[in-house]
Amino acid sequence: MTLYLPLFRSCTTLRTLTQLHAHLLVTGLHSDPPASGRLIESYARMGTLQSSRLVFETFTKPDSFMWAVLIKCYVWNNLFEEAISLYHKMIYDHGLISNFIYPSVLRACSGSGNLVIGGKVHGRIIKCGFDNYNVVEASLAGMYGEIGCLDDARKVFDKMSVKDVVSWSSIIKCYVNNGKVDEGLEIFRLMIIEGVQPDYVTMLSVAKACGELCFLRLASSVHGHALRKKIEIDGPLGNSLIVMYSKCNDLSSAEKVFVTLKKRCTTSWTAMISCYNRSGCFRKALDVFVRMLEVRAKPNSVTRSTILGSCAGLAWLRGGKSVHWHIIIKDMESKSNSGYLGPALIEFYAACGEFSKFEAINLFRQMYLNSLQMDEGDLLSHSGSVEEGKVYFNAMRDFGVEPDSEHYDCMVDLLSRTGYIDEAYQMIHSMPFPADASIWSALLNGCRIHKRTDMINIIEKDLSDISTSDPGYYTILSNIYAEEGNWNKFGKVRSVMDGYDLRKVPGYSRIELDTKNSLV
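For reference, each letter of the sequence shown is one residue, going 76 to 595 in this note's numbering.
Hint data in this document are derived by calculation from the structure and do not stem from the laboratory. Just so it is clear, CB atoms sit at the ideal spot from N, CA and C, and this is done for glycine as well. A couple of the hints might just be wrong.
Said to hold, decoys possible - Label-pair distances were calculated between CB atoms; the ranges are: (1) L538 - S354: 38 to 46 angstroms; (2) P109 - I166: 35 to 43 angstroms; (3) G566 - E307: 26 to 34 angstroms; (4) P109 - N152: 20 to 28 angstroms; (5) L100 - K373: 19 to 27 angstroms.
Claimed, not checked - Taking lysine-lysine pairs in the BS3-like style, the calculated list, with each CA pair at most 30 angstroms apart, reads: (6) K338 - K373; (7) K337 - K359; (8) K202 - K164; (9) K305 - K337; (10) K564 - K526.
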């Protein structure tokens with residue numbers, strides 16, 4: 076059978092795989108578990124899980140190895156509930172157990188978000204004595220972390236007798252993906268102290284953490300380590316490095332990573348376009364998009380949404396309409412894409428002065444009444460009446476969308492601008508997370524508009540805890556104190572701005588004249 080293993084790797088099409096399958100049937104090797112296991116895996120990788128199941132069912136009494144392979148294939152295809160059902164069938168109907176089945180089963184538990192089943196699986200692992208296997212321990216920590224139970228994940232990790240790079244990478248990923256990037260980097264520091272060398276998976280999580288914290292110095296070290304250890308940069312890690320440098324405001328380094336990529340996938344091109352957008356280099360973003368089309372890379376919905384942002388930044392009506400036409404041709408057949416692209420189109424036309432804010436509300440109302448699936452982006456428009464805004468905000472959970480800081484920001488802004496200052500203040504204190512400077516700025520702006528100096532005095536203690544590099548927040552606050560004639564507090568706010576070296580960004584507009592875009 077060893078001679079046939081390279082042949083499975085050479086099967087790049089379904090046709091060649093079926094030919095190899097036929098040969099195994101003729102020679103009788105199809106009854107060999109390793110051969111059939113490879114067949115099951117190969118069919119699943121090509122998206123024909125039904126064929127995998129048929130191969131599996133040719134065995135009257137499949138052993139635990141065959142069950143493990145089939146369950147793994149279901150997990151690969153994100154059929155987590157079905158994978159868990161197969162596990163139960165294997166355990167309770169056939170009485171089979173094995174340690175190597177549990178990484179896939181635990182992945183199915185985390186993928187389905189089923190903590191109850193995950194806890195029961197953990198109990199069986201302990202009962203069977205499999206909790207001492209390193210790969211099982213790492214999978215347990217990963218399951219708890221992906222479901223969001225970081226304390227349980229850390230307990231499993233801390234009890235591990237041997238912590239290899241897989242274990243460290245798993246726990247770091249858990250913390251970073253759950254927004255605990257500081258703790259994730261602290262675990263990374265401990266990993267280095269223990270002398271464990273980071274691998275590709277570690278680099279992915281640490282790059283993401285550096286970007287979230289705008290930690291440029293460590294970001295450069297992460298990139299340097301990958302180069303020194305000759306870790307493959309092409310692929311997801313290269314894309315992550317581009318995003319990392321983008322968030323750290325190091326456009327030059329992001330460009331260098333992009334140039335060094337030998338294999339640029341759609342995600343690579345999209346990441347670079349997004350990077351230029353983030354830096355306000357909209358023309359360069361368009362240049363990248365043109366080059367992407369020239370090499371016949373295929374834009375997806377995320378790419379088109381991102382390039383619409385470039386056109387909106389330039390107020391380039393003709394270019395955006397061209398992208399819109401491509402969306403109609405390429406994307407509207409897929410309902411899953413419409414919710415993602417809709418908000419980008421609305422923002423683009425609004426930026427070009429071609430789309431009434433009431434049209435945006437009507438579009439949202441139509442989606443709401445037709446019960447179409449919406450995502451977070453659809454719910455960020457805050458134009459329209461207060462009552463209607465409340466209805467849409469409260470309806471978010473009906474569509475499976477949990478309000479985040481951007482949604483609360485929009486709602487607080489809507490309430491504050493229209494004079495509902497007390498209600499906006501109550502909403503801030505009802506939020507499930509601390510308000511950031513953007514949300515307090517929305518309330519401050521409403522207080523300034525409606526002369527609610529009494530509210531300024533109430534929230535002064537809250538404002539004293541705010542530390543941000545956003546000059547808009549400090550500008551609004553200093554203007555309020557200036558209008559009150561409170562020059563002492565005005566001077567303190569301006570001193571803070573000077574300490575951070577913050578300057579208000581001058582306002583500007585873009586117009587398109589004879590297809591040429593200009594700043595005014």
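Checked hints:
no. : hint                            : result
1   : L538 - S354: 38 to 46 angstroms : 30 angstroms, violated
2   : P109 - I166: 35 to 43 angstroms : 23 angstroms, violated
3   : G566 - E307: 26 to 34 angstroms : 55 angstroms, violated
4   : P109 - N152: 20 to 28 angstroms : 22 angstroms, holds
5   : L100 - K373: 19 to 27 angstroms : 37 angstroms, violated
6   : K338 - K373                     : 14 angstroms, holds
7   : K337 - K359                     : 20 angstroms, holds
8   : K202 - K164                     : 18 angstroms, holds
9   : K305 - K337                     : 14 angstroms, holds
10  : K564 - K526                     : 17 angstroms, holds
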